[in-house]
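Sequences and hints are given; from them, build the entire structure.
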Amino acid sequence: MHISEGVLSAPVLVTGAVLTATAVGYSLKKMEHKEVPKVAILSSVFFVASLIHVPLGPSSVHLILNGVIGLLLGWVAFPAIFVALALQGVLFQFGGITTLGVNTFNMAFPAIICFYLFNRGVRGENNFIALMMAFVCGFLAVLFSGIMVAAALVFTGEQFIQVAKLVIIAHLPVMILEGVFTAFCIGFLRKVRPEILNV
Amino acid sequence: MKNKPYLILIFTFLIIMMVDISVFAHKVNIFAYVEGGKIYTESYFSDGKKCINSKIEVFDDQGNKLLEGLTDEEGMFSFEVPSEGLIIGDLKLILTASMGHRAEYIIPANELGGCVAGLTQEKSEEPIPTVFPEISSFDLKEIQSLIENTLDEKLKPIMREIKKSQEDRISPTEIIGGIGYIMGIFGMIAYFLSRKK
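Listed in order, the protein sequences are those of chains Y and E. Everything in the first sequence is counted per my numbering, starting at 45 for the first residue and increasing by one. Everything in the second sequence is counted per my numbering, starting at 47 for the first residue and increasing by one.
Worth flagging that the hints you see were computed from the coordinates, not collected in a lab. Given the structure is predicted, the values throughout are model-derived calculations rather than measurements. Fair warning: there could be bad hints in the mix.
Claimed, not checked - Computed spacing ranges between beta-carbons, pair by pair: (1) Y:Pro238 with E:Asn99: 48 to 54 Å; (2) E:Ile204 with Y:Leu241: 25 to 31 Å; (3) E:Gly223 with Y:Pro55: 53 to 59 Å; (4) Y:Phe204 with E:Ile204: 42 to 48 Å; (5) Y:Ala214 with E:Ile204: 33 to 39 Å; (6) Y:Ala214 with E:Met205: 26 to 32 Å; (7) E:Tyr86 with Y:Ile173: 55 to 61 Å; (8) E:Met205 with Y:Val62: 41 to 47 Å; (9) E:Glu103 with Y:Ile85: 39 to 45 Å.
Said to hold, decoys possible - Over the 10 Å line for every Cβ pair with chain E, so calculated as not near, a few chain Y residues: (10) Thr59; (11) Thr66; (12) Leu72; (13) Ala128; (14) Gln132; (15) Tyr160; (16) Arg167; (17) Gly168; (18) Asn171; (19) Met176; (20) Leu184; (21) Ile205; (22) Glu239; (23) Ile240.
For glycine and all other residues, C-beta sits at the position ideal for the given N, C-alpha and C.
Quick look at the structure:
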């Protein structure tokens, strides 16, 4: 999912950077004082999640967790993901500094879409529905990210449908895993720390 | 028993920490070496998977594209060192794998041995007969190619070792350092937010 340096054309990079800067600025303004520790912890979670590889078949996959982060943070998912991606770029050369804007947007925007789509369901009374919603949320967040990566790559001359198919097929196991993990997280939080979800 | 969920959480965390974190698939790597007038490249994702059917482009140091090709099933791609006239300096190989992955590898001009040396060889041919009249330039070339072949053979395992050591590994120090940075950054944000109020 991390797009490397030097792949995208300048207009795509600039668009990504501007969108991300606007969103980060907006959400930092919106961020409440008492939210900061939560954002910091989830940013760390995102940072570490990409480093842990789960062996699966011939290759290995890693979690992205943008679904969970979106559900728990809403708009402030943007600064959380931005900081984590910046550090991954600097420390491990995942993605890169010039592609930071595009990469952040590709992962954080689906998180926010999922927040608006599933916020109600996950925080609702019915436990079973909440878990199902959490699964779909985790699944869709990765799917949307894949589509956005494909869209960003279109401008480099690759065929949209082809790239989208490739990205989505490659991430299908991740989507399922992510869904299960998101459901597990939400289930756990509902039981142990319902106040985080404001249930 | 009130603390049971926390114990489970800590336990899962410990298990996660034990999972091998030395491999990851965010990056592609390309490794290239010159051997007997040919350039061999190997491309692989950082979790060890080979890049199949990925495009490799070769540029000279002026940014002119010399040639391009696709990697095979083993992630390998090889080509003849471009003809002498074209080589001005370092060669840059750019690997473009799917899904926005990209890597570069630079072969310095002096490693392109065969060709560049061949050029200087031809230039210095005049003075040689005066120093060693008994050795013809043909012999010299033969000796050179012999030495090269032997060296290539002997250096193969070393090349493999170098390639292995180039594969990136994430150290736990870096991960913990990264988490530290995140905490620091958000600590600063918290500080500025608290000053505003």
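**Asked** Does Gln132 of chain Y sit more than 10 Å from chain E, CB to CB?
**Response** For Gln132 of chain Y, whose nearest Cβ neighbour in chain E is about 7 Å away, the distance does not exceed 10 Å, so it is violated.
**Request:** Find the nearest Cβ of chain E to the Cβ of Ile205 of chain Y and say whether that gap is larger than 10 Å.
**Result:** 14 Å, holds
**Item:** Outcome of range test on Cβ distance (Ala214 of chain Y, Met205 of chain E; 26 to 32 Å)
**Value:** Because 31 Å falls inside the window, the suggested range holds.
**Minimum Cβ distance from Tyr160 of chain Y to chain E greater than 10 Å, as the annotation requires** = At about 24 Å from chain E, Tyr160 of chain Y clears the 10 Å cut-off, so the statement holds.
**Request:** Run the C-beta distances from Ala128 of chain Y to all of chain E and say if the shortest one exceeds 10 Å.
**Result:** Since the minimum Cβ distance to chain E is about 7 Å, Ala128 of chain Y lies within 10 Å and the statement is violated.
**Asked** In terms of Cβ atoms, is chain E entirely out of 10 Å range of Thr59 of chain Y?
**Response** Thr59 of chain Y is indeed farther than 10 Å from all Cβ atoms of chain E, at 15 Å.
**Request:** Examine each Cβ of chain E, and state whether all of them lie more than 10 Å from the Cβ of Asn171 of chain Y.
**Result:** 16 Å, holds
**Asked** Are Ala214 of chain Y and Ile204 of chain E spaced within 33 to 39 Å by their CB atoms?
**Response** 35 Å, holds
**Message:** If we take the beta carbon of Arg167 of chain Y, is the closest beta carbon in chain E still more than 10 Å away?
**Reply:** 19 Å, holds
**Item:** Glu239 of chain Y and chain E, when compared Cβ to Cβ, separated by more than 10 Å
**Value:** Holds: least Cβ distance 14 Å, greater than 10 Å.
**Consistency of beta-carbon spacing, Asn99 of chain E to Pro238 of chain Y, with hint 48 to 54 Å** = 50 Å, holds
**Prompt:** With d taken as the least Cβ-Cβ distance between Ile240 of chain Y and chain E, does d exceed 10 Å?
**Reply:** 13 Å, holds
The structure fails to meet hints 2, 3, 12, 13 and 14 from the earlier list, while all remaining hints are met.
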